[in-house]
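Chains as they are written, first to last, in this note's numbering: chain A, 5 to 641; chain B, 5 to 641.
Some hints could be false.
Since copy identity is lost for identical chains, a pair holds within one copy or between any two.
Said to hold, decoys possible - Here are the simulated DSSO-like pairs of lysine-lysine, each with C-alpha atoms no more than 30 Å apart in a straight line:
id: 1; residue 1: Lys-295; residue 2: Lys-307
id: 2; residue 1: Lys-443; residue 2: Lys-7
id: 3; residue 1: Lys-295; residue 2: Lys-613
id: 4; residue 1: Lys-190; residue 2: Lys-423
id: 5; residue 1: Lys-228; residue 2: Lys-57
id: 6; residue 1: Lys-398; residue 2: Lys-610
id: 7; residue 1: Lys-307; residue 2: Lys-558
id: 8; residue 1: Lys-286; residue 2: Lys-601
The set of hints was computed from the structure by calculation and includes no laboratory data.
There are 2 protein chains.
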Amino acid sequence: MRKNIPVDFTDVYIRDSFWTPRIDINRKNTIPAVYEFTRKTGRIDAWKWKPGKDNRPHIFWDSDVAKWIEATAYTLEKNPDKNLEKQIDHIVDLMAAAQLKDGYLNSYFINVEPKKRWTNLRDLHELYCAGHLIEGAIAYFKATGKRKFLDIMLKYVNHIAKTFGRKSGQKRGYCGHEEIELALLKLYGLTGDKKHLELSKYFIDERGKKPNYFSIEAEKRGEKGHWAFFGDKENYDYYQADKPVRELDEALGHAVRAGYIYSGMASLAAESGDRKLFETCKKLFNNILLKKMYITGGIGSRKHGESFSYEYDLQNETAYAETCAAIALVFFSHRMLQIEQNSVYADVMERALYNGVMSGVSLDGKAFFYSNPLSAYPHPGNILEEHVKPERQKWFGCSCCPSNVARLIASLGSYIYMKNDDGISINLFISSSTSVNIKGNPVLISQKTNYPWDGSVSVEVSPDVPSDFKVCVRIPGWCSKYSLKLNGANIKFSVVDGYAVIRRQWKAGDKIDISFEMPAMLIEANPEIRHDCGKVAIQRGPIVYCAEEADNGKHLYDVAVDVLNPGFTVSPDDSIFKGSKMILVNASKRKASGWGKELYRPYNPKLDKFRLKLIPYFIWANRKSGEMAIWLNRGAI
Amino acid sequence: MRKNIPVDFTDVYIRDSFWTPRIDINRKNTIPAVYEFTRKTGRIDAWKWKPGKDNRPHIFWDSDVAKWIEATAYTLEKNPDKNLEKQIDHIVDLMAAAQLKDGYLNSYFINVEPKKRWTNLRDLHELYCAGHLIEGAIAYFKATGKRKFLDIMLKYVNHIAKTFGRKSGQKRGYCGHEEIELALLKLYGLTGDKKHLELSKYFIDERGKKPNYFSIEAEKRGEKGHWAFFGDKENYDYYQADKPVRELDEALGHAVRAGYIYSGMASLAAESGDRKLFETCKKLFNNILLKKMYITGGIGSRKHGESFSYEYDLQNETAYAETCAAIALVFFSHRMLQIEQNSVYADVMERALYNGVMSGVSLDGKAFFYSNPLSAYPHPGNILEEHVKPERQKWFGCSCCPSNVARLIASLGSYIYMKNDDGISINLFISSSTSVNIKGNPVLISQKTNYPWDGSVSVEVSPDVPSDFKVCVRIPGWCSKYSLKLNGANIKFSVVDGYAVIRRQWKAGDKIDISFEMPAMLIEANPEIRHDCGKVAIQRGPIVYCAEEADNGKHLYDVAVDVLNPGFTVSPDDSIFKGSKMILVNASKRKASGWGKELYRPYNPKLDKFRLKLIPYFIWANRKSGEMAIWLNRGAI
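Generate coordinates for the entire structure from the input sequences, incorporating the hints supplied.
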């Protein structure tokens with residue numbers, strides 16, 4: 005059922021004024037910084053840890069190492085680096101030495117609690133770690149051609165395939181933290197080995213069947229009731245295991261797990277042509293899109309269980325909106341787009357990428373947000389909202405986000421282009437080039453743009469020999485006016501599901517010039533989102549803006565934007581991030597000097613009118629800690 | 005230092021269109037309902053509980069029984085009731101039988117854990133229970149003249165006085181939950197026994213001294229670290245025991261405990277003339293008034309520790325604002341007013357009473373709020389905000405509020421008048437009469453008013469013989485325009501600290517007519533309260549209004565009040581509460597029909613303009629569960 009095949013990062017060359025500096029920082033700063041914390045916390049030596057030594061491994065440390073390898077591998081492909089390769093090879097050697105004869109591989113369960121192997125799939129993340137190791141091995145193989153890590157993982161996958169399944173003697177389990185499902189499908193994409201597809205399908209199909217495996221397993225362990233986290237109630241929706249996955253109809257539970265299993269489900273639907281599964285994925289995607297997503301593309305609003313809350317419950321100051329969850333949404337959207345070319349998927353992917361994902365990493369690449377709140381009121385008294393940090397952190401106890409954002413940035417090339425039998429589609433606007441084979445002919449595609457700061461995109465389409473195919477250019481959902489020219493002239497084209505479709509006989513040097521009008525816009529939220537009622541946000545192109553205390557002083561919660569006469573000006577502003585544009589808008593707030601000490605008084609506001617400065621949300625908190633707000637009071641008085 | 009002596013409930017006769025029905029409901033419904041739960045949960049039989057039986061006593065059950073007795077006693081004085089008296093006498097008999105020879109009295113520590121007596125003052129509420137029993141005994145003695153309960157308590161107080169103090173062999177402790185301090189001062193007011201004053205003074209003075217008694221005690225119990233509730237951190241400010249009380253300068257910690265100890269401190273200052281202590285009380289009162297009080301008079305915004313949050317942190321939907329805390333604020337204000345006649349204290353007392361306290365009980369008197377949120381969005385998904393109920397409850401596990409609100413309503417007579425050497429002051433406007441002795445002459449004072457629905461108050465001052473004294477009438481802080489006439493004619497009078505002071509030769513039948521203009525008013529909150537920024541509330545007289553879904557449909561968070569042209573109309577509305585007035589105001593909200601399914605879109609609101617109906621906040625949630633809001637978006641568009 006997969007119609008569009010992403011052009012892999014290996015085949016895409018990015019030379020972009022926005023992204024190239026971010027990709028370089030990721031390679032030069034983030035990857036070494038993450039390595040350093042990974043190493044010094046003991047995660048690497050975990051493979052050879054022995055009881056009595058320091059740095060006792062944690063159950064999900066392998067996943068952090070795996071994601072660091074994966075991120076690094078993506079960079080190695082374009083920027084070979086002997087030292088980095090050595091670091092990875094050293095880890096691979098440790099894994100090879102640690103791997104048990106039967107193929108089992110997990111630093112915690114080999115070294116710390118061998119007897120607990122496969123006894124608590126619900127909580128202990130074994131298959132989750134395996135999934136990330138598989139993804140790491142694939143990336144390293146693709147980047148370097150080295151097989152050792154891949155072979156280790158193939159052996160481990162064989163062991164897993166023997167252990168889990170519906171045959172007699174096998175465990176009918178699946179992981180409490182999904183990830184292996186999508187990893188096995190990636191592996192199938194590389195190996196073409198049906199066993200890998202089948203194993204993923206087993207994990208997906210078995211999930212949530214009654215009686216629930218997690219309960220059976222818990223009973224075997226002699227546990228009464230349920231994990232304390234949820235009290236006595238069986239909240240298997242936390243694990244997306246409350247019912248068989250094809251019956252899911254609302255995005256619930258831990259948002260990262262949800263995003264990963266939905267991605268796995270979409271990949272499986274693409275491979276297997278399972279329409280029912282795809283319809284389920286659409287239902288879940290739409291539930292997120294229409295009821296559970298922040299304007300930043302952040303998902304999972306709730307700290308409790310790092311989870312989705314109920315529909316439209318999207319609080320701003322205490323938003324969880326984990327960086328990893330926004331990344332998971334990128335994965336999910338990207339997989340949906342492979343099945344159905346509809347710009348709605350690319351819009352979500354872009355929204356999450358430019359806002360909720362990129363907000364997760366500092367401009368120097370060395371500090372990270374786990375939670376990405378939509379407004380900030382830093383105060384030491386916020387003891388109940390400790391998950392919301394006003395400043396990015398260098399590391400976390402559960403440090404999933406740093407390596408996750410690193411691997412996404414390093415593999416950005418995979419998200420720009422897709423090809424199919426009929427031609428090629430352009431999903432993200434990033435100055436880059438690729439060469440794809442369409443109907444047997446190599447075609448060079450290149451983009452030049454100053455996106456997201458500017459709406460002009462120039463695409464060159466150069467087939468080796470003139471040939472007939474379709475070029476589909478996404479029309480972003482945020483854009484209401486645009487023009488498209490071919491070789492400088494207006495042409496006729498159709499728009500299908502949000503893509504401008506140009507079918508013709510292409511010849512070398514053909515040039516499409518698209519100009520998306522990109523005004524600063526006031527955005528309102530659905531009245532069901534009570535937290536945003538009476539408020540507006542400002543967006544320009546795909547970029548969501550915010551106001552920061554550093555530019556505008558305190559009391560951002562009191563700022564009202566003049567919605568009748570916003571008087572936007574958009575201008576270049578390199579002060580925080582090179583190439584960035586800032587927005588000024590007419591606004592007012594109450595004069596602090598107009599107040600005595602009273603808490604309440606008859607309404608008689610004295611307003612300061614001023615020009616509010618807005619900066620892109622993803623670069624907030626790169627100066628000193630202070631207030632921040634995306635949603636601002638609507639006002640004209 | 006006490007200048008004003010409250011006229012006791014025993015000497016005040018209330019015949020008021022607002023309060024008499026509430027007082028009758030309290031007597032006829034609340035008191036029996038509270039008794040029934042008190043009895044059937046085992047709280048009464050706790051005095052004779054034996055190991056192995058059902059309903060094992062809880063450490064603070066005695067306080068619930070005591071407060072029920074206290075509330076009932078206040079009603080008995082004006083409405084003798086043999087059955088109720090029998091119920092109390094039965095309990096008193098049980099207490100007499102349970103009391104140990106040394107005077108000790110506590111159903112939990114006598115029957116359940118005798119060895120733990122006085123071993124954990126920090127957490128186990130022993131002296132707190134004693135305090136409430138003392139208050140119950142005083143009320144019952146005043147109402148009926150019966151001494152048995154009082155004698156039991158005098159014996160217990162003797163035991164406590166022997167146990168605690170600074171002499172060798174005594175424990176230098178004080179209670180983790182304050183209450184006994186104010187109770188002992190009440191007892192001193194009755195007995196004139198200096199020992200009772202001294203014991204209270206000891207508890208107040210000793211509190212918070214270093215080394216902290218709670219730490220010493222915990223060490224003796226072999227406990228490491230601190231109570232799990234706070235992690236390892238010593239958060240003695242939760243108990244107002246982080247430093248000696250005279251050094252306190254910010255309202256912190258558990259709000260009910262804070263309100264009780266501040267009340268005790270103010271009473272002690274009044275008795276002892278301790279100016280430093282009074283200045284501390286003023287500092288704390290002002291900290292609450294200017295930085296930590298909801299517009300409803302609710303205090304303690306935070307669920308965590310049922311405590312004060314940091315300054316200006318007054319969230320609405322998740323407000324804790326415990327009914328008991330608003331009651332404690334009434335106590336504190338009332339005591340401050342006794343030292344210093346300033347309307348600011350009476351204003352706070354009135355604000356809390358008519359809003360944050362009365363919201364705590366349903367109109368049928370049988371259901372109660374523990375938390376009193378300022379906005380409601382009932383949803384089963386609000387699992388983290390379980391303290392905020394959208395409907396009043398019949399009982400609670402920790403059921404302190406029902407009997408507390410019952411005793412306050414039953415003793416309302418004590419809060420209206422105060423007398424001093426120079427005359428009398430009128431602090432609350434409630435149709436009522438009293439006879440007080442001023443300079444040796446009996447003076448009959450009576451008020452007639454339809455307050456709080458109407459601002460006209462008629463006061464008759466009738467001395468037995470013509471005599472010279474002052475009558476002070478409070479000018480409420482909410483009132484900016486008023487007129488005052490004496491026997492139908494304008495007179496000259498001074499206004500001192502918010503009181504109109506009329507000094508003259510009074511003769512029988514003299515009549516003061518005061519008319520407070522009482523328009524509906526828009527109120528704004530200090531810009532430091534981020535939760536109320538961009539919003540207004542509506543208040544009329546002392547009554548804070550709110551909008552309910554039952555009148556206005558859903559999406560109250562989206563309602564904007566036309567602040568440029570509110571177009572208020574105020575009209576009688578008996579539909580929920582007899583005599584009540586409702587307010588209509590110009591408002592708008594976005595048309596639900598104007599929206600597709602999208603979560604976010606370019607700002608283009610389609611507004612429904614309508615007349616928003618507001619009802620008094622204290623009667624909210626007396627119909628079916630739904631949305632409610634006090635603070636509404638400010639809008640004129």
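Right, here's what the structure says about each hint:
For the identical chains of this complex, Lys-295 and Lys-307 are neighbours both inside a copy (18 Å) and across copies (28 Å), given an alpha-carbon limit of 30 Å. For a Cα distance limit of 30 Å, the shortest separation of Lys-443 from Lys-7 inside one copy, 14 Å, qualifies, whereas the shortest one across copies, 99 Å, does not. Only between protomers do Lys-295 and Lys-613 lie at most 30 Å apart by alpha-carbon distance; the minimum there is 26 Å, versus 35 Å within a single protomer. Taking identical chains as interchangeable, the C-alpha atoms of Lys-190 and Lys-423 lie at most 30 Å apart only when both belong to the same chain, with a minimum of 18 Å there against 85 Å between chains.
In this assembly of identical chains, Lys-228 and Lys-57 lie within 30 Å of each other by CA distance solely across copies; the values are 27 Å between and 33 Å within a copy. When the C-alpha separation of Lys-398 and Lys-610 is checked against a cutoff of 30 Å, the pair qualifies neither within a copy, at 43 Å, nor between copies, at 46 Å. With identical chains, the CA atoms of Lys-307 and Lys-558 are at most 30 Å apart both within one copy (26 Å) and between copies (27 Å). For the identical chains of this complex, Lys-286 and Lys-601 are inter-copy neighbours only, at 15 Å across copies versus 54 Å inside a copy, given an alpha-carbon limit of 30 Å.
Hint check: a violation occurs at hint 6 only; the rest are consistent with the structure.
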